[in-house]
Amino acid sequence: MKTLINIKDLHASINGKEILKGLNLEVKPGEIHAIMGPNGAGKSTLASVLAGREEYEITEGSVDFDGKDLLELSTEDRAREGLFLAFQYPVEIPGVSNVNFLRTALNEIREYNGQEQISAKDFMALVREKSALVELDSKLASRSVNEGFSGGEKKRNEIFQMAMLQPKLAILDETDSGLDIDALRIVANGVNKLKTPENGAIVITHYQRLLDYIVPDFVHVLYDGKIVKSGPKELALELEEKGYDWIKEELEKAH
Amino acid sequence: MSQTLMNTKLDQFRSKLTPSKVKIDQTLLDHADAYLSGREFPTTRDEFWKYTRLTKISNLEINVNDSIIQSIPEEAIIHPNAQKIVFENGVFRKDLSDDILQVQGVQFSEKGSSSFTFQEDVFYALNCKYSTDAITIDIESKTILKDPIHLILISSGDGSVSMPRIVINAAKFSESEFIVSTHNVNSQNCLSNVVIEADVQENAKLTINKIQNEKSSNFSVFNERVDQALNSCFTINTLTLNGSWIRNNVRVNVNGQNAETHLLGAYVTNENQHVDNHTLIDHLAPNCQSNELYKGVLDGKSTGVFNGKVFVRKDAQKINAFQSNGNVLLSDDATINSKPELEIYADDVKCSHGSTTGQLDEDAVYYLRTRGLSEKSARHLLVTAFIGDVLEKIEDEHVVKYAENALSMRYGWSF
Amino acid sequence: MKKQSYTENELAKDLENQEYKFGFVTNIESDKAPKGLNEDIIRFISAKKNEPEWLLEHRLKAFEIWKTMTEPEWAHVEYVKPDFQDITYYSAPKQKKKYESWDDVDPELKETMSKLGISMEEQQRLTGVAVDFVMDSVSVATSFKEKLKELGIIFCSFSDAVQEHPELVKKYMGSVVPMTDNFYAALNSAVFSDGSFCYIPKGVKCPMELSTYFRINEGGTGQFERTLVVADEGSYVSYLEGCTAPQRDENQLHAAVVELVALENAEIKYSTVQNWYPGDKEGKGGVYNFVTKRGICERNSKISWTQVETGSAITWKYPSCILKGDNSIGEFYSVAVTNNYQQADTGTKMIHLGKNTRSTIISKGISAGKSQNSYRGLVQIHKNADNARNFSQCDSLLMTDECGAHTFPYIECKNSTAKIEHEATTSKIGEDQIFYCLQRGISEEKAIGLIVNGYCKDVLNQLPMEFAVEAQKLLTISLEGSVG
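One line per chain: the protein sequences are D, B and W, in this order.
Residue numbers for the first sequence, in our numbering: 1 to 255.
Residue numbers for the second sequence, in our numbering: 256 to 670.
Residue numbers for the third sequence, in our numbering: 671 to 1154.
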């Protein structure tokens, strides 16, 4: 079976400090992988590196994304190839309407894939359909990107954008942080509805709570820049119960 | 083209002054001579003096007066443990001053040389040429002063002209606080033209608390010049509590990286007072931050001027500069002219400035009255809070207390 | 590892290579005055235009005043001062007759306009805009005159107004910008060639946007336009002014005067898109734009200035409002883009004289290349202006480390009931915002276009619809680069 993304021995550093220290991860179509780990383990770094943030230097390793060398692609080409990052802190872009923003994005992605521009009518129909998916007020679609949105609205807007752009692989970076239970449910529902046998998702989270709603196929523990433990969804519960210290101890014992 | 003396008002003014016997750098003196020669007092057509007229200064009746004070006036005592250095009419009064050589890590001399080059400014030039006295205080490296050094500047008699020159060298890793205050004893129509030059060296921390509290028809011009090196921290708090005509020029060159600069100011004016604050923060090195907050309350027929300029030079990247000026006008005859300026030549910066002018929030006044305060005390409370915003940021509680007392006495406010 | 991203410095490089899009010259023989400026030239201009004696005297008086004045130097710009004796002060297209209909207009002129994307037919059909096309100082085509006439609206060239409505011209010309106002206003008063005149009678709401496209054409011809808009009591007008100029090597001086008069309860909306030749990427050539624009507001009236400035080598321009009448309102919305070696010193003056007067200033500066972009503004509250309000927001966006962005606001307040708020920020274009766009598949070039247009939205929103589209295009063109 083909892989969607295959990360091998990935090392990345920022300002000379190594954060990822040989990370391996493979995601196949139709799978949801959860990445958990204590603060500072490198979870958000992984998301940033995969999306192509310039501040990070990749010193070793490879990332194959659906048959392409991901690390050789520019940020926008990674997006156009179908990699989507739901940001932990979505940025505000004053004066740029969500609709205008998404239409530009969608059309650039279509152009890249040799498809025709979407008509205004079809686009608006798509906006209506997908905004309903995350129960996003259609008025928000005409507001400036994330400007004046509440924390929950920002996160829902991320999932709405994901629905609009229909990526092959979605990376959800701490999407649950700062969400109340209702918002969490809406966001998770959105993600679940978007799941197909062809696409996949990496769900980065600190807490198990989100995984009650988005049920992962695999759970990985990221610790000190590496995946140190992988298991089925029950591993998340164990982590919730015992914290991360036992992993640390286990690791120390092993050495 | 040669100009004959007495051609200009400035020449006439200079003819009444006594050339200085203070030793300063000869090139500085040459510059001052060249600058003053044939020059006229600036007018309001000159951008730097747009809102402040110098006519009254050019027409001053100048006298040379003998020292009269026998002791430090009580109102000049601000900090109980401060080392006091007293000037009367710009002349160092050793007899009234503490011997700060006794303080460990402090050097003191009656000299006026500094590392600064000439500043093109008529009052700076006059101070070079006609300096009445000069002192240099060195804070040796790694010295951490427990108590502040207090420079007490007193005007006495009629028409005295004071031109003291004060040099502060804050050496590496030193931490020190200076209080500079102006007072008057039986004086009127005096001119104080003070120059303070401070060199804040690597990792040094220097704070100057400046209190202006003259209660007479005197004129004050302050030129403070500061150089900041790598990792240094400089703070100057300018509290103008009284005084009929005041001009402050604070110029800070931030030459080293990771330096911090804080400028705070409060001016509370009434009657015919005229207070003009000019500040310049010149960011010449990257990765620095500066904060500036000036607030004024203007009553009577008084005039306030705020001109704050932030320069960010080319290659001075990653500068965060914040500047704010707030004013409350309590009377229809009061005037405020505010000019916050940004001149930015680097791109990776975050700079902002804001200026607000208005009256007290009438809704707040109303709210307080519904809680049983009289209108008068409601207004007092709000004005106090407005100025208190500046005072609360000042670390030296004795300085804050002094300012609060002075304002309470003058306006009946309670802090 | 590959550095994938296009940096702002690279963008800036691409911007430098942007050649002026509208750089072409229309070849129409001119009827020119000899170069230079003296009393005879002024008499020549006046005679050529068959002006009444009082106007000639007005010009000569202005010339006398101008001779005593010196060029202002306070602006944050550096340039070689024009040689006023090396300028042609009058040139007119040779056609003798006036056009009765659009069909009579020189086809070459029409082509010029369609190259500019402002095809008059289309504009007439689609938008109902009446266009008064000024080419080298003389108005050559005027449309929609009939319709406007029915409403009693006068919209014609300044020269026609002098002939046909001398009483209005005499009454209002110089009433807002006196000839003594400044060096360039005095020069304009002496030598102005032509311009536009507009009068809206009492209670009339002008049903269409009035529009004038200026175009500097003849090499070395200074343009001294004069615009006068008078909105009588209770009337309304929206006036558009757009400018493009052909590419020239030598600097061209443009010193226009625009006067707006809003009588009681009247409203004037004046919008400008300015895209004159900014000089090449070495800073050679380009238009000097030294304009005096000012409006006066009587009781309950409103004047709103909106400008999108992307062109000219040097811009020196402060559209202002004198809020004389109680309850009057002044607004200033501005986007100024500078690139390469362009220098702009622009802003506004809001003079509050009347009670309950209000003003709003929104200024967005964008600096790229090696350009210098300054906001200079004055908010002045006079003693009797009780309850005056001002809000100013001046933001600057920096695109390269070689350009400059400066803010020089003057706030002068003599009334305790006034409320004035001024805010200014200067920052680099947001890297997080660019990354966010990239992550959604948007190219860096488009991302910058989106962000910049969003940043200017508050101003662009003030423009009439069709103008807003043109302005957005202009912004995108001036910030467009070719990503490899």
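Errors might be hidden in some of the hints.
Claimed, not checked - BS3-like cross-link-like pairs, simulated, lysine-lysine; straight-line CA separation at most 25 angstroms: (1) Lys2(D) with Lys28(D); (2) Lys564(B) with Lys1116(W); (3) Lys139(D) with Lys1084(W); (4) Lys1143(W) with Lys1127(W); (5) Lys305(B) with Lys702(W); (6) Lys1040(W) with Lys573(B); (7) Lys718(W) with Lys311(B); (8) Lys718(W) with Lys705(W); (9) Lys1127(W) with Lys154(D); (10) Lys305(B) with Lys875(W); (11) Lys470(B) with Lys605(B); (12) Lys719(W) with Lys819(W); (13) Lys573(B) with Lys17(D); (14) Lys1127(W) with Lys1019(W); (15) Lys605(B) with Lys1116(W); (16) Lys121(D) with Lys1116(W); (17) Lys1098(W) with Lys154(D); (18) Lys229(D) with Lys242(D); (19) Lys233(D) with Lys168(D); (20) Lys1053(W) with Lys121(D); (21) Lys573(B) with Lys1098(W); (22) Lys718(W) with Lys564(B); (23) Lys605(B) with Lys1053(W); (24) Lys556(B) with Lys1025(W); (25) Lys631(B) with Lys564(B); (26) Lys28(D) with Lys229(D); (27) Lys1089(W) with Lys1025(W); (28) Lys564(B) with Lys737(W); (29) Lys631(B) with Lys1084(W); (30) Lys872(W) with Lys564(B); (31) Lys872(W) with Lys841(W); (32) Lys705(W) with Lys731(W); (33) Lys305(B) with Lys1089(W); (34) Lys994(W) with Lys1089(W).
To be verified - The calculated label-pair distances, taken between Cβ atoms and stated as ranges, are: (35) Glu647(B) with Trp246(D): 27 to 37 angstroms; (36) Gly30(D) with Glu952(W): 33 to 43 angstroms; (37) Gln1063(W) with Ser138(D): 25 to 35 angstroms; (38) Lys605(B) with Leu251(D): 40 to 50 angstroms; (39) Glu647(B) with Gly178(D): 46 to 56 angstroms.
Note that these hints are calculated values from the structure, not bench results.
As the structure is a computational prediction, the values presented were derived from the model and not from experiment.
All residues carry an ideal CB built from backbone N, CA and C; glycine is no exception.
Give me the numbers of the hints this structure contradicts, sorted from smallest to largest.
Of the numbered hints, 2, 3, 5, 7, 10, 11, 20, 22, 23, 25, 28, 30, 35, 36 and 39 do not hold.
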